[in-house]
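J.: Chain by chain, the residues run as shown.
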Amino acid sequence: MKKLKHISLLVFLFLLTGPAAVWSQNPLDYEKALEFAKANNFDSARVHVDRYVAGSAAEKDADAWYLYGFIYQRLYRTQQIENHNSKFRLEAKRGFEKSIAIDQGRDNIVRNREGFCSLSLSFYNSVVKSLNPQDYETAIVNFSNYKQVVPYCDSLKDVKKAEIDFLLALGTMFEDKLNTSNDTSIKCKTVDTLAFTRARESYMNVLKIDPLNVKANYNLGILYHNFAVKLLMNMPPDADVIDIICIQDRADNLFKQAAPIGIHMYNILRDDDPKKYDFAVLLLQLGTNMNENEKVDFYTKELERLKKIQGR
Amino acid sequence: MEGDYQQGVVYKNAAYIVHIVPIAYIWAPYRDKPRRFYFGAYFVSVLTMRRTFRIIFLLFVVVTGFSFQQPAKDDTNSRLKAVFIYNFSKYVEWPDSYKEGNFVITVCGGSQNLVTELKTITNSKTLGAQRYEIRSVPDLASVSRTNILFVAGSADVTMSEVMGKMKGKSTLLVTEKTGMTKQGAAINFVVVDNKQKFELNQANAEKNNLKVGNDLIKLSIPVK
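Taken in sequence, the protein lines are chains A and B. Quick note: the first sequence uses numbering that gives the first Met the number 0, first residue 0, plus one each step. Quick note: the second sequence uses numbering that gives the first Met the number 0, first residue 0, plus one each step.
Hints listed in this document are in silico derivations from the structure and should not be mistaken for laboratory results. Errors might be hidden in some of the hints.
According to the in silico footprint, chain B covers these stretches of chain A (three or more CB under 8 Å from chain B) [unchecked claim]:
id: 1; segment: 229 to 236
id: 2; segment: 245 to 253
id: 3; segment: 282 to 294
id: 4; segment: 298 to 311
Every residue gets a Cβ at the ideal spot worked out from N, C-alpha and C, and that includes glycine.
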């Protein structure tokens, strides 16, 4: 009885894995996939190419993976072009990446480059379209994919600049969200709303790449300042006096984080740089909110001086 | 398949003419390659080109479309003072004769922002049975019976004039100039470490029959 059980189990396992193994190694699948692709029948092409790459024969076959990438890219183009989380597009990326990992030859690199270029534009397009308060996670994922594929398309592309632009746009989106929300439930212990945290994180990430980036420094200073102002202006008057003092302390702490950013950038920017004027306005507001009359006087005079220099 | 795309590329839109050169360029390396090399390259190049204009436009929107952030210009000091003054009304107890009619807060010579904030905060609120009433007066002569009198630092009055006017009245006198609690004010706003705080002279409050709650005492800077 025990023997019979073992035999049954072996038969069952053979039935389960045998045909799959044979199927997956069918070399004709590649040719069929190619034929269907040529005939614009990408759904059928996909079935065959999936089977082919599942087999061990495809492990070192750069052509197969290129075809895989190409078919999935076409499927994406025809069926999921508006889907910014398209799985077809990710499979296309996987195919091109595998192809290039297997064969580093010039021809293969050139051939796959076109696929990568198309993907990079497509991912960037998705970044732009999903950069809003509802879909920003999609934008982040797509930008990550864009960053991965763009060097294969253009090795000279300044990815850092693109990343800075993206992070600034992301930070600004969160900052706008923070500014437009009218959250009157802000309490002392829950002041760090998601929008504030994410905006700060975005600007900080820009500063990791480029510590003197004027826009990131300015936006970060404004973020701290405006969030502090928001905390004070939205504090519930019926809150406990202890909470009021606590909110005041948090706001003061934020003002104090904005001040050194503003001062540092103000000192390094040239007098004829319009951004210097903007930093002076920020510092004037900080002085007012921090009750520093000397600084208010100083930056009021500086603004007048800069107005003359910049012809405002 | 190729013809289908050529039609789309060359004739569909004049703008696509610019694609001819890149496609020819992309094709060039594949002339001596098997067919499977160049059909793919062609496809992909077309996919790329057809969307270029839209993407360039969107890219332009992203890079140039940052809304310019500006520092908020709200008057946080007025807001804070208003919140504090409103809270003084909750933590100080007035004699019964001052618990009738409206609960009046008078601002003498203060900024309009403070008056606006006080009106916003107290809008439709009551203190027991009393409704809040916010008055703004230009000078001391215009001050009548009031529960709280805030004398702004910019007000053109001396402390002795204020004390003369308020003598014998159960009015909580709030000021914002250094040393005022030693000249008769019960509460005086001061700036400590960049923050708006308040000094409290409990004895001055008690002289006017006002009882200050312990919570307020704890949070104040006591002055004797």
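J.: Can you list which hints this structure breaks, lowest number first?
T.: Hint 4 alone not satisfied by this model.
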